[in-house]
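Enquirer: Chain residues, written in single-letter form:
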Amino acid sequence: MLDFVVPALNLKAILPQLILALTALTVLLVDVFAKEKGKTSLGALSFTGVLFALIALVLSRGSHESAYSGMLMADGFGFFITLIVCIVTILTILASMNYEKICKNIKVGEFYCLMLFAAFGMSFMGNAGNLIMIFVALETMSISIYVLAGFKTDDAKSIESALKYFLLGAFASGFLLFGFALVYGAGGTLDIVKLGKFFTANPDALHHPMVMGGIALMTVGFGFKIAMFPFHMWTPDVYEGAPTVVTGFMATGVKAAAFAALIRVFFVGFAPLQADWTTIMWVGAFLTMTIGNLVAIVQTDIKRMLAYSSIAHAGYLLVGFVVGTDLARSGMLFYLLAYAFANIGALAVISAMGKDGKEYTELSDYSGVGFKYPFLGLMMSVFIFSMAGIPPAAGFMGKFFIFSEAIKSGYIWLAVFGVINSVISLYYYLGVIVRMYFREPDREISIMAPTGTMVAALSIAAFCILQMGIFPSYIWDLARESVKMIM
Amino acid sequence: MNELGFPIISLVTFFPIFGALVLMFIDKEAKDTLRGTAMVFAMIEFFISLPIIFAFQSGTADMQFVERYTWVKSAGLSYYIGLDGISLWIFMLTTFLTPICVLCSWTYIQKRVKEFMICLLLLETAMLGALVSLDLILFYIFWELMLIPMYFLIGVWGGDNRIYAAVKFFIYTAAGSVFMLLSIFFLYYLNHKMTGVYTFDLLELYKLNIPVATQFWLCLAFFVSFAIKVPMFPLHTWLPDAHVQAPTAGSVILAGVLLKMGTYGFMRFAIPLFPYASNQFTPVIATLAVVGIIYGALVALIQPDMKKLVAYSSVSHLGYVMLGIFAFNMQGVEGGLYQMLNHGVSTGALFLIVGMLYERRHTRMIKDFGGIAKVMPVFATFFMIMTLSSIAVPGTNGFVGEFMILVGAFRSLPMHAVFATSGAILGALYMLWMYQRVMFQPLDNEKNKVLKDLNVREIVTLLPLAILVFVMGFFPGYFINKMNASCEHFLKTYDQQVAMYKQQVEDSSQAKLAQVMSANQLKSTLSD
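In order, the protein sequences belong to chains A and B. If you count by this note's numbering, then the first sequence holds residues 1 to 487, one letter each, in order. If you count by this note's numbering, then the second sequence holds residues 488 to 1015, one letter each, in order.
Incorrect hints may appear among the rest.
Stated by the list, open to error - Facing chain B, according to a computed beta carbon distance under 7 Å, are these residues of chain A, among others:
1) VAL193
2) GLY196
3) LYS197
4) PHE198
5) ILE424
6) LEU426
What the hints assert, rightly or not - Here are a few chain B residues that face chain A, going by a calculated C-beta distance under 8 Å:
7) ILE635
8) PHE672
9) LEU695
As the list claims (entries may be wrong) - Here are the simulated DSS-like pairs of lysine-lysine, each with C-alpha atoms no more than 25 Å apart in a straight line:
10) B/LYS861 to B/LYS969
11) A/LYS372 to B/LYS854
12) B/LYS598 to B/LYS515
13) A/LYS484 to B/LYS694
14) B/LYS934 to A/LYS484
15) A/LYS157 to A/LYS107
16) A/LYS37 to A/LYS107
17) A/LYS372 to B/LYS936
18) B/LYS854 to B/LYS979
19) B/LYS969 to B/LYS979
20) A/LYS372 to B/LYS518
21) B/LYS979 to B/LYS999
22) A/LYS358 to A/LYS37
23) A/LYS37 to A/LYS484
24) A/LYS194 to A/LYS107
Calculated from the structure, these hints are not laboratory results. No residue lacks a Cβ here, since even glycine has one placed at the ideal position from N, Cα and C.
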């Protein structure tokens, strides 16, 4: 006999996400009723909403409970992911206020609303304690992002980007769902914690074809979202075509959320299987970073270049995943945050490089920009050096935590390939600096002066990068605590 | 806290950053204000670093002026800095050369003066930081940080081929150092395995007993990284490009301090951490050093470009330094250390001299000059002094260093020393030949007839270096006295450790032999 347990309403556990959703709905409503003039304040409204979500989140630090019959885990790990998501959203909103002035025909109401819904989904992916919950959160996030990617309705590339992302994303979701189904068939539950218990209790179920197939399909689904080789093919086209601020948002937020779900499912649900997936992920990490870096070298469009570089970063993060110790996973969290600041920052700078709907994304457009626009140049250098992993930027500390843990756990070759890759990546990262500072401008470009919010977004990102690079203790301890508190 | 009861090293290390921040708020069109401010900061920096010399205790090999704070506790990182006899003088050389670099760029740099001065000051902080760091990761951070300002100095203010040179410089050096980073991680892990403590503290890691096979690889990573920086033959190819393209101040810093980071790295990190592997590598390194000495000199001989000639002479001079260090005796090591300073002074000055000619004629080709001594007598005097110092004529600083190195090398590596001595002759040949072609010979180029002699600023730039050449030539005792204790300690621990490791290797091979013997015995008894 089935008996239904109505779970207790626990609003406290989902307060930050609740605030995000309510803000999104408010933005949607205000957009309908407000006059044209009032719509300019939608950005400020969204910003305030996310800020409140962030405050609610920070106040909830240390909470360690599962709510709604284990659907939701309000634990330290979810806390860190929601933190990344909130920061990413805040920075994107700040940067977007400049962007809506450059690309005038962006419908701001839907834009902010979708962004908030996407953030809502991302945050739930980090907190989900059930495979179905992961799927629902993933779809909430993805569908918002599909629409956002195609937001420049007069630009064929943007439409192409949305369609491509949607079609391939739908496939990937299918794989993921099928994987969940198979695992459910084998384990009899969708609850991640219970799955973990089941496999610990029944080790012989581990190598059942259904479990193996389920894991393989889930790897495909998650691999697509984190842009792991060979499921990375969509990345450059989508990142290039999407509105630049959206590119920043999805390159960081989606990646953080997908990595969060990946870590939770694999390390909580299938922990006993670690030895089996390590080999696959080892190869995956190696190929992802190598292919990403090698192909990035030949790009002439800066957004495409950053897309390939983001693939490479997924590879570095996968190194942490392969190593799999607590410290390695803390390193991944630290790296995700450092990467988020640098990548959002860099793409915000690119989004600021435009005027009247014209955006400059060719690398050659950047000749001499560093001295012509000293602020943007300086910010871009900080972000680029952080991505390249040059101290004292946060990117170095991220690599430090991941690779030192790799060496400690005996993955020496993976670490060696990792640092070789960092050297390869230097070539194209330095190329941007070379363009900005060492070459004279070869064509006239005129850009709109960055708005105050844009300046704020860039300054915050750059400050945090240096802060995390020079005084990493606070975030590092937070990341370690978060990983320890995974439920 | 430390001897002075005051964080003097931190102050000296980070003071230039403060200067750079002040410069940021000065209007970029006010070029003379920018230059003046940078100069004032560089001079203050030099004067506040002077007390370090006087407060330095020459009787002890311990780290002095130590400051230590926890940085990232859970990862075992600490902010741990200090000076000893090995780093003291290079540290001082850095603060000494920076004002000179500001002075020599006064008119040489006309565009983007503000950014130039900021880069110069940031570079100073990075170099000083690398010299005082006693935590491996702290060191690595400063070590990599040095690359960024230097990269900009070459790339923005360099010659026509600057981009190639800048990127080559950056990637070459970074590629070398990432493996050092991995090696550092491995040490960290080994230390934890053996002592249960996570630390990057250099002095703790010195004590680590590293298995011989592992030591070989770790040492190799450090060696490659430092050898690129020195640069040692055959990893020197970035140097001529970087030197030739860099602006004068960049070349002076590069020759004066950055290259020393490599040789300093050997003495501070590679050798004490991996004594046994260093011992085993000695024939290879010494041979490469000698090849560098002769090769650098031969290539310098045929250079038509003065700056390139001086750049290749650096390869040769640093070969001496390496040979001295790897002689592993008092004369060699102290001579090597002394030669590092000499090279900073004399080669730095030679780059200044070439820069002054270039500023006047916009060419560095030897064939474009001739008879300059007639129109620029003061300049000719300085050039002569530096040439003599570079070829190690007695009475100059170069003589002391080279002599000590060769004495040291003859004691432990006689064959190498014989060949190295030939480098000294070649050195005299290429330097004097260049001097002859540039300064003497008939004054037949019309453009050269109207050249103006040095102005007051240029004399002020060169004079301290010229004085130093003689002071270091006549009173080497003062300098060497402060190095003594540290060098003795360096050699003593090296000898002890090598002996210990040799014993270990012997024991283990004997144990293996015994095993094989007993197995054979067993076999023979069985077959009986």
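Enquirer: Now tell me if each hint is right for this structure.
Expert: Taking the hints in turn, this is what the structure says about them:
1. VAL193: 27 Å, violated
2. GLY196: The hint is violated - A/GLY196 has no Cβ within 7 Å of chain B, the shortest such distance being about 27 Å.
3. LYS197: Given a least distance of 30 Å, the restraint on A/LYS197 is violated.
4. PHE198: With Cβ-Cβ at 34 Å, over 7 Å, it is violated.
5. ILE424: 9 Å, violated
6. LEU426: 6 Å, holds
7. ILE635: 7 Å, holds
8. PHE672: Holds: closest Cβ of chain A sits about 4 Å from B/PHE672, inside 8 Å.
9. LEU695: Cβ of B/LEU695 sits 15 Å from chain A, so the hint is violated.
10. B/LYS861 to B/LYS969: 42 Å, violated
11. A/LYS372 to B/LYS854: Since the Cα atoms of A/LYS372 and B/LYS854 sit roughly 39 Å apart, the hinted pair is violated (cutoff 25 Å).
12. B/LYS598 to B/LYS515: This hinted pair holds, its Cα atoms lying about 10 Å apart.
13. A/LYS484 to B/LYS694: With a Cα-Cα distance of about 33 Å, the restraint between A/LYS484 and B/LYS694 is violated, given a limit of 25 Å.
14. B/LYS934 to A/LYS484: Outside the cut-off at roughly 75 Å; violated.
15. A/LYS157 to A/LYS107: 18 Å, holds
16. A/LYS37 to A/LYS107: 13 Å, holds
17. A/LYS372 to B/LYS936: 41 Å, violated
18. B/LYS854 to B/LYS979: 51 Å, violated
19. B/LYS969 to B/LYS979: 17 Å, holds
20. A/LYS372 to B/LYS518: 18 Å, holds
21. B/LYS979 to B/LYS999: 30 Å, violated
22. A/LYS358 to A/LYS37: 24 Å, holds
23. A/LYS37 to A/LYS484: Given that 25 Å is the threshold and the Cα spacing comes to 49 Å, the pair is violated.
24. A/LYS194 to A/LYS107: 44 Å, violated
Hint compliance for this structure: hints 1, 2, 3, 4, 5, 9, 10, 11, 13, 14, 17, 18, 21, 23, 24 are broken, all remaining hints hold.
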